[in-house]
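I would like the entire structure built from these sequences, with the hints used as guidance.
2 protein chains.
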Amino acid sequence: MGSLGSGCGNSRHFKPLDPEEFRAQAHQMVDFIADYYKQVETYPVLSQVQPGYLRACLPESAPYRPEPLDSILMDVRSCIMPGMTHWLSPSFFAFFPATVSTAAFLGEMLCTCFNSVGFTWLASPAATELEMVVMDWLARMLKLPKSFMFAGTGGGVIQNTTSESILVTLVAARDRAFDAIGIESLRKLVVYGSDQTHSTFTKTCKLAGIHPCNIRSIPTSFHTHFALSHVLLRKVVEADVAAGLVPLYVCATAGTTSTAAVDPIEQIADVANEYGMWLHVDAAYGGSACICPEFRHYLNGIERADSLSLSPHKWLLSYLDCCCLWVKEPGSLVRALSTDPEYLRNGPSRSGSVVDYKDWQVGTGRRFKSLRLWLVLRSYGVANLQGHIRSDVRMAGLFEGFVKSDRRFEVVAPRLFALVCFRVVPRRRRVGPGEADAMNRKLLEWVNSTGRVYMTHTVVGGVYVLRFAVGATLTEERHVVAAWNLIREGADSLLKNAHSLCT
Amino acid sequence: MGSLGSGCGNSRHFKPLDPEEFRAQAHQMVDFIADYYKQVETYPVLSQVQPGYLRACLPESAPYRPEPLDSILMDVRSCIMPGMTHWLSPSFFAFFPATVSTAAFLGEMLCTCFNSVGFTWLASPAATELEMVVMDWLARMLKLPKSFMFAGTGGGVIQNTTSESILVTLVAARDRAFDAIGIESLRKLVVYGSDQTHSTFTKTCKLAGIHPCNIRSIPTSFHTHFALSHVLLRKVVEADVAAGLVPLYVCATAGTTSTAAVDPIEQIADVANEYGMWLHVDAAYGGSACICPEFRHYLNGIERADSLSLSPHKWLLSYLDCCCLWVKEPGSLVRALSTDPEYLRNGPSRSGSVVDYKDWQVGTGRRFKSLRLWLVLRSYGVANLQGHIRSDVRMAGLFEGFVKSDRRFEVVAPRLFALVCFRVVPRRRRVGPGEADAMNRKLLEWVNSTGRVYMTHTVVGGVYVLRFAVGATLTEERHVVAAWNLIREGADSLLKNAHSLCT
Numbered sequence: 001m002g003s004l005g006s007g008c009g010n011s012r013h014f015k016p017l018d019p020e021e022f023r024a025q026a027h028q029m030v031d032f033i034a035d036y037y038k039q040v041e042t043y044p045v046l047s048q049v050q051p052g053y054l055r056a057c058l059p060e061s062a063p064y065r066p067e068p069l070d071s072i073l074m075d076v077r078s079c080i081m082p083g084m085t086h087w088l089s090p091s092f093f094a095f096f097p098a099t100v101s102t103a104a105f106l107g108e109m110l111c112t113c114f115n116s117v118g119f120t121w122l123a124s125p126a127a128t129e130l131e132m133v134v135m136d137w138l139a140r141m142l143k144l145p146k147s148f149m150f151a152g153t154g155g156g157v158i159q160n161t162t163s164e165s166i167l168v169t170l171v172a173a174r175d176r177a178f179d180a181i182g183i184e185s186l187r188k189l190v191v192y193g194s195d196q197t198h199s200t201f202t203k204t205c206k207l208a209g210i211h212p213c214n215i216r217s218i219p220t221s222f223h224t225h226f227a228l229s230h231v232l233l234r235k236v237v238e239a240d241v242a243a244g245l246v247p248l249y250v251c252a253t254a255g256t257t258s259t260a261a262v263d264p265i266e267q268i269a270d271v272a273n274e275y276g277m278w279l280h281v282d283a284a285y286g287g288s289a290c291i292c293p294e295f296r297h298y299l300n301g302i303e304r305a306d307s308l309s310l311s312p313h314k315w316l317l318s319y320l321d322c323c324c325l326w327v328k329e330p331g332s333l334v335r336a337l338s339t340d341p342e343y344l345r346n347g348p349s350r351s352g353s354v355v356d357y358k359d360w361q362v363g364t365g366r367r368f369k370s371l372r373l374w375l376v377l378r379s380y381g382v383a384n385l386q387g388h389i390r391s392d393v394r395m396a397g398l399f400e401g402f403v404k405s406d407r408r409f410e411v412v413a414p415r416l417f418a419l420v421c422f423r424v425v426p427r428r429r430r431v432g433p434g435e436a437d438a439m440n441r442k443l444l445e446w447v448n449s450t451g452r453v454y455m456t457h458t459v460v461g462g463v464y465v466l467r468f469a470v471g472a473t474l475t476e477e478r479h480v481v482a483a484w485n486l487i488r489e490g491a492d493s494l495l496k497n498a499h500s501l502c503t
Numbered sequence: 001m002g003s004l005g006s007g008c009g010n011s012r013h014f015k016p017l018d019p020e021e022f023r024a025q026a027h028q029m030v031d032f033i034a035d036y037y038k039q040v041e042t043y044p045v046l047s048q049v050q051p052g053y054l055r056a057c058l059p060e061s062a063p064y065r066p067e068p069l070d071s072i073l074m075d076v077r078s079c080i081m082p083g084m085t086h087w088l089s090p091s092f093f094a095f096f097p098a099t100v101s102t103a104a105f106l107g108e109m110l111c112t113c114f115n116s117v118g119f120t121w122l123a124s125p126a127a128t129e130l131e132m133v134v135m136d137w138l139a140r141m142l143k144l145p146k147s148f149m150f151a152g153t154g155g156g157v158i159q160n161t162t163s164e165s166i167l168v169t170l171v172a173a174r175d176r177a178f179d180a181i182g183i184e185s186l187r188k189l190v191v192y193g194s195d196q197t198h199s200t201f202t203k204t205c206k207l208a209g210i211h212p213c214n215i216r217s218i219p220t221s222f223h224t225h226f227a228l229s230h231v232l233l234r235k236v237v238e239a240d241v242a243a244g245l246v247p248l249y250v251c252a253t254a255g256t257t258s259t260a261a262v263d264p265i266e267q268i269a270d271v272a273n274e275y276g277m278w279l280h281v282d283a284a285y286g287g288s289a290c291i292c293p294e295f296r297h298y299l300n301g302i303e304r305a306d307s308l309s310l311s312p313h314k315w316l317l318s319y320l321d322c323c324c325l326w327v328k329e330p331g332s333l334v335r336a337l338s339t340d341p342e343y344l345r346n347g348p349s350r351s352g353s354v355v356d357y358k359d360w361q362v363g364t365g366r367r368f369k370s371l372r373l374w375l376v377l378r379s380y381g382v383a384n385l386q387g388h389i390r391s392d393v394r395m396a397g398l399f400e401g402f403v404k405s406d407r408r409f410e411v412v413a414p415r416l417f418a419l420v421c422f423r424v425v426p427r428r429r430r431v432g433p434g435e436a437d438a439m440n441r442k443l444l445e446w447v448n449s450t451g452r453v454y455m456t457h458t459v460v461g462g463v464y465v466l467r468f469a470v471g472a473t474l475t476e477e478r479h480v481v482a483a484w485n486l487i488r489e490g491a492d493s494l495l496k497n498a499h500s501l502c503t
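So the sequence lines, in the order shown, correspond to chains A and B. Using the numbering used here, you'd call the opening residue of the first sequence number 1 and step up by one each time. Using the numbering used here, you'd call the opening residue of the second sequence number 1 and step up by one each time.
Careful, some of the hints might be misleading.
Pairs involving identical chains hold if they fit within one copy or between any two copies, as the list cannot separate such chains.
The list that follows gives simulated cross-link-like pairs (lysine-lysine, PhoX-like), each with its CA atoms no further than 20 angstroms apart [stated by the list, open to error]:
#: 1; residue 1: K188; residue 2: K235
#: 2; residue 1: K15; residue 2: K38
#: 3; residue 1: K496; residue 2: K442
#: 4; residue 1: K206; residue 2: K188
#: 5; residue 1: K404; residue 2: K143
#: 6; residue 1: K188; residue 2: K143
#: 7; residue 1: K38; residue 2: K496
#: 8; residue 1: K235; residue 2: K146
Worth flagging that the hints you see were computed from the coordinates, not collected in a lab.
Okay, here's the thing in structure tokens:
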């Protein structure tokens, strides 16, 4: 009575979690979702709606009386779906993919089911301990040194995003500097990234109170394949030190957002270690590939870093909000982030024998996040996950081959993983760079407007570049081939209209 | 082949999201979860395991080959369950509850299903627009002024936690101050809360670079029922101004963590407005009750605040990671938090006609978070949600009546919502306050050790207090009665052993 879908608002009998009603409706939702997965290929990848479309479909206020699930699902189909950009579409090649899997979905269901709040060990011992186990498992898969593992002297934690991983490690580094040279030194602390470091780096540094004038964005170029040059880094650091500033933190990237470039960790570690800086490695995208021996060299030097973050939601099938962060010295995180209110005090915390993850993150509350990753690792095993990475890389190689075989196109940056950066190159001499950029922009707009493929762009080295990121979970070779054919079709039409610009 | 549970690692045929396999296994998981909900009442509420218990149960490394779902579920039963503190148990009265519902679970399934990343409007128009609609719906339910609504001049966003809500508004306030008086003023900025403000406030202020000496924790007392005194606040602010400091931000709370006290928003707004401070209202717990007219007065004065946060996961049945934040001036958030990397640029963002939620939060990526709340509001309707609040308050009133009817106990702070703060009061004169605290601590330990109930404690006004927080979704009157009987049984035995301390 009065529960979900009954159409009755009698609160005396309102049961928001009746197990049998849950069972029936959750089964209904499972079928809805399985059908979505089956049909997702048929939807326009990039939504074609106009801003404000949804407000016009929905009432201004929440209903006073309950509405049945069937009406809601009808609205999901008619109002929500048209406004979706389908990240699960096998023809989604934009940004980096957000990968998914049955195992992770089941793990998320379990996490939702328990809804435990693991701020302290005691509040949910299994949640804390499984996260510790899983972080060590993944560390082993990546052949990280024991200095990053609970089985050694470090440890790991699941954050929601790379931004949070950077924020908490930056604050740990900052407070370590305060301990050494006083809190009044804040104004002097300098942080370093490249112009390819994720945009959240600058934002996060500002959040942490780093003076905007002290955030260095070191230029990269075609010459270094858009990787951070340790030579330039050293020069900038030396100049800062000479000016009386204090180098604090450097963020190296394994798989940049624009081109998936990899910064040379070993050489950057030389500079970082020499100047006592915290070295963080943001391997959000590229790190996952390092579970395969043939890619592991991209993390060479990691044993000299202070922290590493990697987002399995990008390439390890784990759904969103799963960014794994390892630190060498958990104590530095805890010193910066711990709180000790009376209402959370308990015996095990007091004994110092447990991890209280609230002291490893920004917030206090936290879900049982490790279940998803645990289910992925167990259900698929390392072998399948390696195979999954390799399959995406192979498909990207196929696409790269297509690009290279068509002389109207060029590959703009070396392909290290499953991202191909390319563009149309007008061959006529009198076509200026602005015109070439405009042509690529037009091609991209046309391709995306068909709804059959979604790609995005970037600008590197002053050049407008198309990004083709393989890796959506449902993508097969035929989707890559179809996307290439569509791109070629667009180029045909574009170049014909441009009076046969290519010779 | 090679997919979940097949026991085969042949990657050529590895399909991590086969719709029919998903369907079968997700149905299996639904039944597993429905059975858990049916049985949760029978489990010990507070886990009885010892630190490190899980590491001993699980292998050191992830498996190389896949394992079947049945084995994993068996381990959930035998390894994970014993380490759970069951937040869903109807006899969970600790902290504040983390409420759940069938509707929210279904919404979370849909959110997981789409796995869209709504950093910009274009990346997922429906995700952005539904969040805008739902935030306005909830604003109307709370009778917030239009200055907090998209339908007016403000707007709302779903954060994961109160910590993030405080962080982003604090940084917006800080950067607004930088604009007015220069970035070098950071050292002078002062923030204000009470000694009952959530512990995350201090942590968040430190994250944002506020000097620890400039974080004011104004003492409260029995006299003000542990609410922040605006008289004291004004005195402290005046002294800071006289000392050349700059008042920046004050955090008022509607429903403090220890006793659910409510700070007087109107009077605090007088001080905040006079000194140009940002006023944030943390209504994480108490705010939900304000959808009922009889509680709405606790938000009186909200029209003069700059921001308000409220966590429906605490009392509106929405599962974790759902903290609603409204701001009066979204532009101030966006100025502090926006990033504009080339790879996220797009027409709608450039046109300024859309909301890009990445500029309202710490991270870049974000899930389709509003689906959960949308399903809760529609499936239950305002009437049932009001009924749900009232039912919890009524049960807490019942418990309070039990306490008051037993002269060995006293209620320590006024009960405004569904939290009862109480303790055993030894009547014999020669029992000192330390001894009384020890007695209450013993009683709590005994009650929790039975596994039949889980409560927590706090210390306010120098006194050790037991907290009985009604509100777990499955709690019924009989669980409250049983909990009281258990507490009485504990007191009987405790007081008998203490040689009949009570007269």
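So, going through the hints one by one against the coordinates:
no.: 1; hint: K188 <-> K235; result: within (18 angstroms within a copy, 34 angstroms between copies)
no.: 2; hint: K15 <-> K38; result: between (33 angstroms within a copy, 13 angstroms between copies)
no.: 3; hint: K496 <-> K442; result: within (13 angstroms within a copy, 85 angstroms between copies)
no.: 4; hint: K206 <-> K188; result: both (14 angstroms within a copy, 17 angstroms between copies)
no.: 5; hint: K404 <-> K143; result: neither (35 angstroms within a copy, 61 angstroms between copies)
no.: 6; hint: K188 <-> K143; result: neither (36 angstroms within a copy, 47 angstroms between copies)
no.: 7; hint: K38 <-> K496; result: neither (37 angstroms within a copy, 67 angstroms between copies)
no.: 8; hint: K235 <-> K146; result: neither (32 angstroms within a copy, 53 angstroms between copies)
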